[in-house]
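S.K.: What follows is the residue order along each chain.
There are 2 protein chains.
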Amino acid sequence: MAQPASKKQRTHPTYELLYHPGIPGRGEHVRLLLEGAGVPYVDTARDQKDGYSTVQQICMNGAAESTDGNPPTFAPPGLRVSGAGKDGKSLVISQTPNILAYLGEKTGMDGEGEQEKYWVAQVAQTALDLNNEVHDTHHPVAVMKYYEEQKEESLKKAADVRENRLPKFFGFFTRMLEWNEGNGGKGKYLIGSKLTYADTTVWQVLDGLYFAFPKEMEVRKKEFSALLDDFYNSVKSEKGIKEYLASDKRFEYSMGIFRNYPELDRQ
Amino acid sequence: MAQPASKKQRTHPTYELLYHPGIPGRGEHVRLLLEGAGVPYVDTARDQKDGYSTVQQICMNGAAESTDGNPPTFAPPGLRVSGAGKDGKSLVISQTPNILAYLGEKTGMDGEGEQEKYWVAQVAQTALDLNNEVHDTHHPVAVMKYYEEQKEESLKKAADVRENRLPKFFGFFTRMLEWNEGNGGKGKYLIGSKLTYADTTVWQVLDGLYFAFPKEMEVRKKEFSALLDDFYNSVKSEKGIKEYLASDKRFEYSMGIFRNYPELDRQ
Chain X
1 MAQPASKKQR THPTYELLYH PGIPGRGEHV RLLLEGAGVP YVDTARDQKD
51 GYSTVQQICM NGAAESTDGN PPTFAPPGLR VSGAGKDGKS LVISQTPNIL
101 AYLGEKTGMD GEGEQEKYWV AQVAQTALDL NNEVHDTHHP VAVMKYYEEQ
151 KEESLKKAAD VRENRLPKFF GFFTRMLEWN EGNGGKGKYL IGSKLTYADT
201 TVWQVLDGLY FAFPKEMEVR KKEFSALLDD FYNSVKSEKG IKEYLASDKR
251 FEYSMGIFRN YPELDRQ
Chain P
1 MAQPASKKQR THPTYELLYH PGIPGRGEHV RLLLEGAGVP YVDTARDQKD
51 GYSTVQQICM NGAAESTDGN PPTFAPPGLR VSGAGKDGKS LVISQTPNIL
101 AYLGEKTGMD GEGEQEKYWV AQVAQTALDL NNEVHDTHHP VAVMKYYEEQ
151 KEESLKKAAD VRENRLPKFF GFFTRMLEWN EGNGGKGKYL IGSKLTYADT
201 TVWQVLDGLY FAFPKEMEVR KKEFSALLDD FYNSVKSEKG IKEYLASDKR
251 FEYSMGIFRN YPELDRQ
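If you read the protein sequences in the order shown, they are chains X and P. According to the numbering used here, the first sequence holds residues 1 to 267 in order. According to the numbering used here, the second sequence holds residues 1 to 267 in order.
Simulated from the structure, these hints should not be mistaken for lab results. Here a beta-carbon is modelled for each residue, glycine too, at the ideal position from N, C-alpha and C. Careful, some of the hints might be misleading.
As the list claims (entries may be wrong) - Selected chain P positions facing chain X (Cβ under 7 angstroms, derived; list incomplete):
| # | residue |
| --- | --- |
| 1 | Y52 |
| 2 | S53 |
| 3 | T54 |
| 4 | M60 |
| 5 | A64 |
| 6 | S94 |
| 7 | M144 |
| 8 | E148 |
| 9 | E153 |
| 10 | F172 |
| 11 | W179 |
| 12 | G182 |
| 13 | K186 |
| 14 | P214 |
Stated by the list, open to error - Covered by chain X, per the in silico footprint, the following chain P stretches (three or more residues, Cβ under 8 angstroms):
| # | stretch |
| --- | --- |
| 15 | 83-91 |
| 16 | 135-142 |
The task is simple: from the sequences and hints, build the whole structure.
M.R.: Structural data, given as structure tokens:
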């Protein structure tokens, strides 16, 4: 494994990401944590023949059990961990913040000590809130309908997110970088002196925003350069992340959370 | 303390909820966890003279530090814990799912064992997702504008949430109750055989929905009676919860997340 020696380094069970195939989506936050940690995993729908059937059977089955005695999953992503469930069976957990907390603890991607663990979680959860708001720019009034059926509302929602919400979130993440300057973060990390899943989760949302709103981001980059230029590029070049982004394991954005509708971008 | 003896029972530091005054809001999930655990806490804006100034100074200050060396807070709720920070100072954490995870672990409200801890978190996080979707029924396109300025869009969003999202979420929580029948849950608990913060968090969202959409809920109650009748009333009568709900510490719904606009309800 590529990660530096740590008290949390250990032999890992098989971590299996259960997610939709072909899109980064919310699964990407899980992938980036594991890639940044240098811990191997199986991305079932990507790596296994008929893998998406397995994802559907476990995470989208409509029954009162997912599998192996685990409770049902509301929606992907799910995480299956061999041998970690009751009676030595597999454990299945869901909800992105929850999977990140679990894997953060197992891989050391949640910082050092109890305080950092909760600070990492809160910053990642804030990035996931932004992730949801960006999703709503193309689905503001009806989750299951097409964008084209809610385009008028999308124009309003996207303008609000670009004009009011992005600067609020970018301002917060910038303040995190300032706060962490004194802790050895050097503008590279949001919490502490090494990569955590707060960094990878914030990074993924920024990267998606660069795809969805390129014109808006070009302007914001001047205003929030420490975040959108220095931090963004620093995470991109982290060991594990760099190799992953250059590989064919990384999915391209398309019709998932981050979509490039030019009419929703800054005009 | 009123809670049953548990290996997690201990002397607690001072837990201080930092939240807006006068509304249940997201702070209510924190209050219900602590009331259900029988653990004392300070609700700063409610209990202290000029308490809201303290909340604003710590959680809404726009600086690169909240207080005592802790990182900034994106928005309330925050939790301050005496003596739990670095160098014996106070710890400040934020984000509702994160505060619930922290207090769940400290009070035993996160179930028994590692598996239950993550299952409790994922169910609570699913309820908080629903909480956000309900908020968006009156603020679908512009977070900072008035409802009256986005009423047309609200009518569409509320219809979508009532018709498509509520049955999906209620179906999931019902499947949790079915799954947990065999684990000693008896229809009273979502995970395991005692009250957890999954129960209190789901309950609070259901209770808010009864206020916001009384007509819709009256119909849904027949369809999802195990959840909306049996489970809902059972949590309401839990030790700690019952006394709290009858007290003047419980805020009434008004203009927060849950609002009663009759035009958004089932017609």
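S.K.: Each of the hints needs a verdict: does it hold here or not?
M.R.: Hint-by-hint comparison with the structure:
no. : hint    : verdict
1   : Y52     : violated, 21 angstroms
2   : S53     : violated, 20 angstroms
3   : T54     : violated, 19 angstroms
4   : M60     : violated, 11 angstroms
5   : A64     : holds, 4 angstroms
6   : S94     : holds, 5 angstroms
7   : M144    : holds, 6 angstroms
8   : E148    : violated, 15 angstroms
9   : E153    : holds, 5 angstroms
10  : F172    : holds, 5 angstroms
11  : W179    : holds, 4 angstroms
12  : G182    : violated, 9 angstroms
13  : K186    : violated, 15 angstroms
14  : P214    : violated, 22 angstroms
15  : 83-91   : holds (count 4)
16  : 135-142 : holds (count 4)
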